[in-house]
Amino acid sequence: MTERTGALARDAVTEAAASPPTGDALEDGAVTARLEEAARPGVMAMPSRPTGQGLLAWLRWAWRTLTSMRTAVLLLLALALAAVPGSLLPQRGVAFDPGAVTRFLADNPVLGPWLDRLGFFEVYSSSWFAAIYMLLMVSMTGCVLPRAARLWQSARAEPPRAPTNLARLDEHRRGNVTAEPAQVLEVAASHLRARRFRVVVDETSVRAEKGYLREVGNLVFHLSLLVLLFGVAIGSLFGFEGRVIVVEGASFTNTRLQYDEFTPGPLTDAESLTPFSFTLEDFTAEFEMSGPQRGSARDFQAEVTVLRTPGGVAEEDTIAVNHPLQVDGTKVFLTGHGYAPVVSVRDGRGQTVFTGPVVFVPFDGNLSSEGVIKVPDAQPTQLGFEGFFLPTASVDPAAGPRSLYPDLVDPQLLLTAYTGDLGLADGAPQSVFRLDKTDLTQVTSGDQPFARALVPGESMTLPDGQGTLTFESVSRFANFQIAHDPGKEIALAAAVALLLGLTVSLAVRRRRIWIRVTAAREGGASTIEAATYALTRRGPVPDELSSVLAAVPGAEPAATDASPHDRED
Amino acid sequence: MPTPTFLAELSDRLIYSAIAVYALAMLTYACQAARRSPAVAHDVRQMEHVAAGAHTGRNASSPPRTVVDRATTEGAATQRLERIAAALTMLAFVLHLAGVLTRGLAAGRAPWGNMYEFTAAATLAATAAYLAFLRRQPVRDLGVWILALVTLCLGLAVTVLYTPAGDLVPALNSYWLVIHVAAAIIAGGVFTVGAAATGLYLLRRRADARDTSGQATRGYAGRLPAGATLERVAHTAHLFAFPVWTFAVLAGAIWAEDSWGRYWGWDPKETWAFITWVLYAAYLHAQSTAGWRGRKAAWLALAGYAAFLFNFVGVNLFITGLHSYAGV
Ligand code: HEM
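Here the protein sequences come in this chain order: A and B.
Read left to right, the first sequence gives residues 0 to 568 (numbering that gives the first Met the number 0).
Read left to right, the second sequence gives residues 0 to 327 (numbering that gives the first Met the number 0).
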């Protein structure tokens with residue numbers, strides 16, 4: 000195999016040299032293409048159409064086409080293009096804005112459903128995206144594995160014989176030597192061996208090859224991509240991702256029911272999650288006090304007490320941004336925070352029917368938040384409240400109630416009230432952040448809606464003795480993202496291998512060196528010829544030939560600098 | 000120890016000075032390019048064909064000889080201009096480097112925490128890559144373009160993107176930030192050299208293709224190095240930058256796992272990093288594919304660079320995602 004490559008290379012080079020180096024033909028014309036195709040293992044042309052008849056020939060042709068480099072380039076291009084729409088259109092299941100797809104569909108009633116049908120809102124799990132990368136993987140495996148087999152053969156075979164005309168190779172030197180040919184060859188060979196070439200010496204020449212590691216790197220790199228994909232697949236099949244809000248003082252136990260949002264993979268065993276629990280003891284947030292970035296968050300921390308196993312020992316721990324809590328393979332990340340005003344409500348009968356913190360959801364950087372309080376146990380009618388919580392209150396006549404700063408400088412709770420039926424009885428699931436107003440009536444005073452702004456400690460009493468709400472104090476809540484990805488370690492190992500393989504394959508140059516000594520005819524000096532030839536796109540290593548020649552005893556370097564190109568001038 | 004305010008002001012002054020010197024260097028390169036006569040350039044091109052390995056277009060072994068030939072065929076004045084331009088670039092680079100360092104000292108962290116700082120650091124990397132290449136590769140013709148880009152971006156940085164030195168939002172406060180962004184910046188700098196070489200390669204090639212008369216190629220393109228030389232420079236740059244970019248993407252995934260609980264979530268920034276990576280992988284394959292090498296491969300490299308730029312500019316400004324920087 001290697002032998003044949005050498006011979007082909009020689010023929011092709013001869014042809015290339017025969018045509019004058021003009022214009023385009025020089026760079027990527029047919030001549031160069033043939034030369035490269037024959038000589039450099041990496042450069043491949045399309046397979047020609049099947050010559051024989053029958054299914055087998057066609058299948059072989061199809062496989063060769065699929066595994067050709069041209070197909071690889073086209074598939075890579077297709078993969079890049081296919082990834083674009085997902086970044087421009089809203090995507091389902093992307094963390095930062097879950098409502099985006101619904102909004103987009105509402106705004107684009109004609110185009111939207113079509114895009115939806117074609118999978119444009121789930122690009123990265125769509126069948127066409129999967130088709131492209133699966134084809135790519137098949138093509139890659141079919142291309143790289145045979146290459147590995149060839150590498151195995153050529154690494155065990157001897158470096159090929161020198162082409163007759165060494166002057167046609169990448170770099171070539173010629174000169175005279177006075178020393179014995181056998182001695183010259185032996186010195187050159189040991190010089191190359193010391194540089195870890197594989198070397199074979201025959202009567203008149205030395206042949207050497209080095210840089211097999213490049214192919215190994217290339218193989219490792221490509222196969223790591225397969226392993227990486229495998230790791231990703233394990234993660235999305237068996238892992239899960241969930242979100243939960245925990246108020247200061249409250250606890251979370253890792254069971255499916257306690258999650259506000261839970262996204263398992265198709266094969267996740269959601270009934271046997273790692274049984275840990277934690278209590279959010281204290282949440283602290285620090286903000287920039289002054290300057291142009293006033294109000295930007297500087298530090299968040301959640302102080303928690305963790306039970307790593309049920310009935311185990313309680314441990315104190317801190318969860319911070321970039322510093323998750325880890326229990327077995329499950330990780331708990333702090334992703335956000337906000338305020339939960341603590342209120343108590345007495346109903347028309349004077350009984351306390353609700354007391355506790357209520358989560359208000361922030362909607363801007365200064366933690367202006369909105370939320371609702373539902374009091375289904377109130378008598379004679381149920382009560383509902385809706386409004387804003389502002390850590391540093393201001394009421395802008397144009398923009399409405401807005402917080403000026405994210406910390407608790409002037410906390411106020413602004414509420415309006417509703418009476419009637421909260422709609423909880425029929426069992427239909429309802430958002431805790433929204434009032435279902437179908438059977439509710441807004442409380443009014445005069446002809447205005449009843450609305451009050453409360454500071455901590457203040458109460459508001461609804462007209463007609465319908466009830467009283469007291470704003471007791473403010474708690475904080477934290478958003479946690481909890482994730483388990485059993486494929487993570489595989490993916491990480493693959494990523495490391497990928498990077499190593501890639502670096503090796505790009506840094507190492509595979510190349511051959513031939514040294515030939517032609518014995519002197521009548522008493523004159525012997526001729527030494529040395530040539531190097533790169534099997535990769537990058538040229539041979541600079542000065543490698545010179546260093547071999549410099550080591551040879553009795554060589555006359557002055558006469559040696561002859562590259563084929565100079566001779567053409 | 001100087002106060003942070005002092006350092007921050009010093010940093011601003013240094014960056015302004017760097018912009019001025021960059022502009023001067025760019026003009027000097029432009030004058031130098033204009034003064035070279037096409038006839039001389041033609042000779043140089045022929046020799047470069049030879050030096051670059053006429054048959055295979057990829058023999059990189061004899062640049063010193065080319066340099067000598069050039070020195071004898073080009074006017075002394077042109078040479079002097081070239082040396083002045085290189086020295087000015089060096090000076091601007093030093094000022095720029097000092098500006099970025101003082102900024103980091105003022106903020107007490109790695110100086111790439113917002114878009115202003117990122118631009119300053121990325122342009123610094125581009126100049127550094129250019130200067131590094133200048134020592135071993137025939138890239139001086141890229142100088143005017145790379146400096147134009149650097150000057151323009153720095154100009155935009157100080158006018159539009161400017162953010163006073165300050166602390167970071169907590170999500171960015173991680174040593175993975177330092178590693179991930181540093182790798183992205185270095186890769187970006189070298190990709191810039193690759194893109195400039197690729198652009199000039201396409202210019203040169205088009206001019207050569209038009210010129211079938213065998214005469215010297217006229218105009219600006221005629222004075223550029225041979226297509227094969229430019230292509231080789233571009234290939235070298237991309238070969239270096241690609242693994243660095245790969246590392247940046249992987250480090251980003253590790254950082255994402257640490258702060259959001261998943262290493263890959265198709266966030267727009269991640270998506271465009273992936274697109275950039277895949278396009279450059281396509282370029283590297285095209286370089287080894289008969290029929291794709293040359294012009295088509297060059298367009299793939301430029302597409303990769305466009306995706307890289309879009310990720311930085313477009314995604315930050317037009318698409319919302321998790322990768323937000325404080326104050327743009
Ligand atoms: C996700 C897909 C792929 C990626 C990211 C990728 C990436 C790369 C990279 C970075 C190189 C090094 C380029 C160089 O040496 O200049 C390379 C080389 C190579 N790739 Fe891929 N590749 C992919 C798929 C494929 C496929 C589908 C094939 C075959 C059909 C393939 C075959 C090869 C071969 C033969 C080489 C060696 C080229 C040479 O000797 O110059 N790769 N690949």
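Each hint should be verified, as a subset may be incorrect.
[As the list claims (entries may be wrong)] DMTMM-like, lysine to aspartate or glutamate: derived pairs with alpha carbons at most 25 Å apart:
1) Lys268/B with Asp298/A
2) Lys268/B with Glu121/A
3) Lys487/A with Glu280/A
4) Lys268/B with Glu270/A
The hints are simulated quantities; they were obtained by calculation from the structure and are not laboratory data.
Measure nothing beyond the straight line between the CA atoms of lysine 268/B and aspartate 298/A; if it is 25 Å or shorter, mark the hint as holding.
-> 24 Å, holds
Decide if the proposed pair is consistent with the structure: lysine 487/A and glutamate 280/A, CA atoms, cutoff 25 Å inclusive.
-> This hinted pair is violated, its Cα atoms lying about 30 Å apart.
Does the structure keep lysine 268/B and glutamate 270/A at a Cα separation of 25 Å or less?
-> 35 Å, violated
Agreement of lysine 268/B and glutamate 121/A with the hint, judged by alpha carbon distance not exceeding 25 Å = Holds: lysine 268/B and glutamate 121/A sit about 17 Å apart, inside 25 Å.
Figure legend: structure checked against the earlier numbered hints; hints not met, in rising order: 3 and 4.
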